[in-house]
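Listed below, chain by chain, are the residues.
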Amino acid sequence: MSEQLRKFEEPLKTDLEELLGRFQRTTSVRYEDFSSMWRDMKFGDIFHGIQNLKEKNAFSRIALNTATAYFLPPYSFQVRVGGLYVLYGLYHSQCSLPKQKIRLALKDWGDVQAFTQDALSSQHYDVVYILHKLLGTKAFHFTAMPVPLAFLRDKKNQVMPNTEAVAKPSSRPQQLVTTEMLEEVANIHQHYKQLKASVSAQHPEASLNLVRHNLVPKLFNSVMSFSTWQNIHTQGGEASVQSTSLDEPSTSSSSNQHQQQQECSRRADLLASIKARSYGQVVEVAKSRRHRQAELCSAGDAGPREDPGMGGVPGAIPRRRRRFHNSLRYRTLRRLYETGGIPEEFLTSTKLWRLSKADQEETTRAIKTRFKW
Amino acid sequence: MAASNADGTLGEHVPRYESNDLNSQVIHIGSFRNSWLETLPPDLYSYEIKSEEIEIAQLAEVLQIPTETLNELKDICSVDSLKSHPDDQPVDSNVVPPNPDLACLRLRKKRQDYKKTLVRDLVGRHDTYSNEMESVHMGLMPEDSTSVVPEGEIILSFNIVYPILFERFKHVRAHQTMQVLGSQNLTELRDAICCVSDLQVFGEFSNMPDATPQYISKDHYKSAFFYFEGVFYNDTRYPECRDISETTREWAKTRDFPEFKTAKMEDMTFYDLRMKIGYPYFYCHQGDCEHVMVLTDIRLIHPDDCRDRTLYPLLSHKHRVMTRKCCVCHLYISRWITTNDRLAPMDPCLFCDKCFRMLHYDAQGNKLYDFQAYVYVDPGVFN
Numbered sequence: 001m002s003e004q005l006r007k008f009e010e011p012l013k014t015d016l017e018e019l020l021g022r023f024q025r026t027t028s029v030r031y032e033d034f035s036s037m038w039r040d041m042k043f044g045d046i047f048h049g050i051q052n053l054k055e056k057n058a059f060s061r062i063a064l065n066t067a068t069a070y071f072l073p074p075y076s077f078q079v080r081v082g083g084l085y086v087l088y089g090l091y092h093s094q095c096s097l098p099k100q101k102i103r104l105a106l107k108d109w110g111d112v113q114a115f116t117q118d119a120l121s122s123q124h125y126d127v128v129y130i131l132h133k134l135l136g137t138k139a140f141h142f143t144a145m146p147v148p149l150a151f152l153r154d155k156k157n158q159v160m161p162n163t164e165a166v167a168k169p170s171s172r173p174q175q176l177v178t179t180e181m182l183e184e185v186a187n188i189h190q191h192y193k194q195l196k197a198s199v200s201a202q203h204p205e206a207s208l209n210l211v212r213h214n215l216v217p218k219l220f221n222s223v224m225s226f227s228t229w230q231n232i233h234t235q236g237g238e239a240s241v242q243s244t245s246l247d248e249p250s251t252s253s254s255s256n257q258h259q260q261q262q263e264c265s266r267r268a269d270l271l272a273s274i275k276a277r278s279y280g281q282v283v284e285v286a287k288s289r290r291h292r293q294a295e296l297c298s299a300g301d302a303g304p305r306e307d308p309g310m311g312g313v314p315g316a317i318p319r320r321r322r323r324f325h326n327s328l329r330y331r332t333l334r335r336l337y338e339t340g341g342i343p344e345e346f347l348t349s350t351k352l353w354r355l356s357k358a359d360q361e362e363t364t365r366a367i368k369t370r371f372k373w
Numbered sequence: 001m002a003a004s005n006a007d008g009t010l011g012e013h014v015p016r017y018e019s020n021d022l023n024s025q026v027i028h029i030g031s032f033r034n035s036w037l038e039t040l041p042p043d044l045y046s047y048e049i050k051s052e053e054i055e056i057a058q059l060a061e062v063l064q065i066p067t068e069t070l071n072e073l074k075d076i077c078s079v080d081s082l083k084s085h086p087d088d089q090p091v092d093s094n095v096v097p098p099n100p101d102l103a104c105l106r107l108r109k110k111r112q113d114y115k116k117t118l119v120r121d122l123v124g125r126h127d128t129y130s131n132e133m134e135s136v137h138m139g140l141m142p143e144d145s146t147s148v149v150p151e152g153e154i155i156l157s158f159n160i161v162y163p164i165l166f167e168r169f170k171h172v173r174a175h176q177t178m179q180v181l182g183s184q185n186l187t188e189l190r191d192a193i194c195c196v197s198d199l200q201v202f203g204e205f206s207n208m209p210d211a212t213p214q215y216i217s218k219d220h221y222k223s224a225f226f227y228f229e230g231v232f233y234n235d236t237r238y239p240e241c242r243d244i245s246e247t248t249r250e251w252a253k254t255r256d257f258p259e260f261k262t263a264k265m266e267d268m269t270f271y272d273l274r275m276k277i278g279y280p281y282f283y284c285h286q287g288d289c290e291h292v293m294v295l296t297d298i299r300l301i302h303p304d305d306c307r308d309r310t311l312y313p314l315l316s317h318k319h320r321v322m323t324r325k326c327c328v329c330h331l332y333i334s335r336w337i338t339t340n341d342r343l344a345p346m347d348p349c350l351f352c353d354k355c356f357r358m359l360h361y362d363a364q365g366n367k368l369y370d371f372q373a374y375v376y377v378d379p380g381v382f383n
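Chains as they are written, first to last, in the UniProt record's numbering: chain H, 1 to 373; chain U, 1 to 383.
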């Protein structure tokens, strides 16, 4: 069940990013805008089309877990507001019974509190209202980890989503070099100069000049220039992101990535074409091994077929798909037939209902294709 | 702007991923619960749902806006704003809407179209009731109020994997999921784990098929232990229980492993344990029947969970096992297994009760020829 539903992770991400991308382009955090977009995309129908309840529950869980990621850092405030609205929408549109809950881990609760405070201080009342409403209808499970963990080592490595476009820019230098810190450094620098002057009575030696003279102003200037550069950089990035969707490349660094991706896909295409050419040609074997002629089958062939239609041993011998390993019974029968021990009819089993058919009637097997997602 | 949470600001009892992203680091379960209960206001984890008037009054206080604005807010943000179809045109939610735009709906439509091409689309009888186990316990309240689970209790979910794992079926991890309360003892979990090796009956019964003994292995071999994070928790409730972890501990001493400790299973509740979430641990009973156990989830109790204390540990998921049928009739589940039987098609061979007696005994109950017969308990007995 969960392997089936893993196929839905990609489409879910696509749909959520589409919705959040549209929301981000409006540059607003109002619920009305979001709900009009929700109704427009008919997002509530995402739960339709499932017949049995267990799958409904499992899909709701996956949808809520995927959407919770957009509600937490490192996304920017607007995307987080969008994530909150999405959670509200998904929780109330789900068809499952009991209603599946939104999982909130202990480590993320602090971030949620901070987020509420920000919204309250910026007077975004609809954000706070929606969050309170969700908490009031007991829509959350307060858990230890964001998803239930079962040590599933064979899960394929998931690539971390590229949140650079929507993450807050890092502000570590500004956090380190604050005004208080600068004052303290200036103080210490002053003391140090006085100490140096008092140690050597005359003009201090040049070899003692280990620290810059104007340390504090220089530090301040460099941090200011860094933050202005950051603002210009991200504003330029944000302006172009707003006009396009979340995934499209906008700045020169991401266009480099795009080029690299193109190169990689070109190489992959080349490799694929070489392989296709080599597997497409069947090598003719020596006449002594005529009975074990290689045959080209495509991977999509159905089960044992009545007519061979391709090169190889003449006669109506049913072939098997290359991916399955033939059973011991089949291999024994084949070998016996090839060495001439048993007649051909022994290879296929007689269907009881066909005993009464006329000799001239040929029944073609309806090829039943298995469903693949 | 609040600073992002650096690792130093998080408390030491907050579970985080370990380096491999598969499991969390070691946490103390009782302290984890206390951390949640400290930070959450009590009405968030209580069972009762507040009435609308109280909620509106509280919100007006928090937001500090006039009531007209609040009512306006209520109208804008109501659940009706999410409906894509008006109320008088009900839509069947079991069918994908035509011309879907969303990627998920397109994927589902593929399956729907495929099903339309099938001549017969049968729903398996097990799929009809596949959700039964979860839904029957939803919000269940007990008869008497003394066995209600209090608010703020935590629920742990354990996956207990079936003992024998064939190489061929490794991609399916057959497990049963049990939910336990934090305040319960380890012994309660031990008693609730259903394993077929507990029901085995020993002895050769070809001479007296009617006289099956009253004891099963569960009553005979009572020793068991759990292994969590370097500590062996032994079951010492009965005088027959022995410390079966002793062998492992002594072997470990000779091999350069750190010292393993022991503790009593009946004295420990889950609150006292230190464990990693998502990490495989160990349960051994009957001396050699070994199960891997994984703690998958810890969370606070919710009004929709079962609130009857006597029903915990609760079985919330069980892997269904195919039962082996009698080799004669292929109808009934087999209860006897015979060896050295010259009339049986293979050795060993399974029989149901009726076919067994018909083949091996005459009408008076005399044994007709020489063979060995043992009682067979099918692994699917817990289905």
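Just so you know, not all the hints are guaranteed correct.
[Unchecked claim] Chain U is faced by these chain H residues, among others (derived, beta-carbon under 8 Å):
#	residue
1	Val128
2	Lys138
3	Trp229
[Unchecked claim] Here are the computed lysine to any residue pairs in the SDA-like style, where the Cα-Cα straight-line distance is at most 25 Å:
#	chain 1	residue 1	chain 2	residue 2
4	U	Lys109	H	Leu97
5	H	Lys7	U	Pro66
6	H	Lys7	H	Val147
Don't read these hints as lab results, they were simulated from the structure.
All figures in this text were calculated on a predicted structure; none of them were measured in a lab.
From the three backbone atoms N, C-alpha and C, an ideal C-beta is built for every residue, glycine too.
task = Go through the hint on tryptophan 229 of chain H and say holds or violated, using the shortest Cβ distance to chain U against 8 Å.
result = Nearest chain U Cβ about 20 Å off; hint violated.
ask   = CA of lysine 7 of chain H to CA of proline 66 of chain U, is that 25 Å or under?
value = Roughly 48 Å separates the two Cα atoms, so the pair is violated.
Evaluation of the interface hint that places lysine 138 of chain H against chain U, nearest CB under 8 Å = 6 Å, holds
query = Is it true that the CA of lysine 109 of chain U sits at most 25 Å from the CA of leucine 97 of chain H?
reply = 23 Å, holds
Satisfaction of hint between valine 147 of chain H and lysine 7 of chain H, Cα-Cα up to 25 Å = Distance ~18 Å between lysine 7 of chain H and valine 147 of chain H Cα, so the pair holds.
Chain U contact restraint for valine 128 of chain H - C-beta distance below 8 Å = 6 Å, holds
In summary, the numbered hints that this structure violates are 3, 5.
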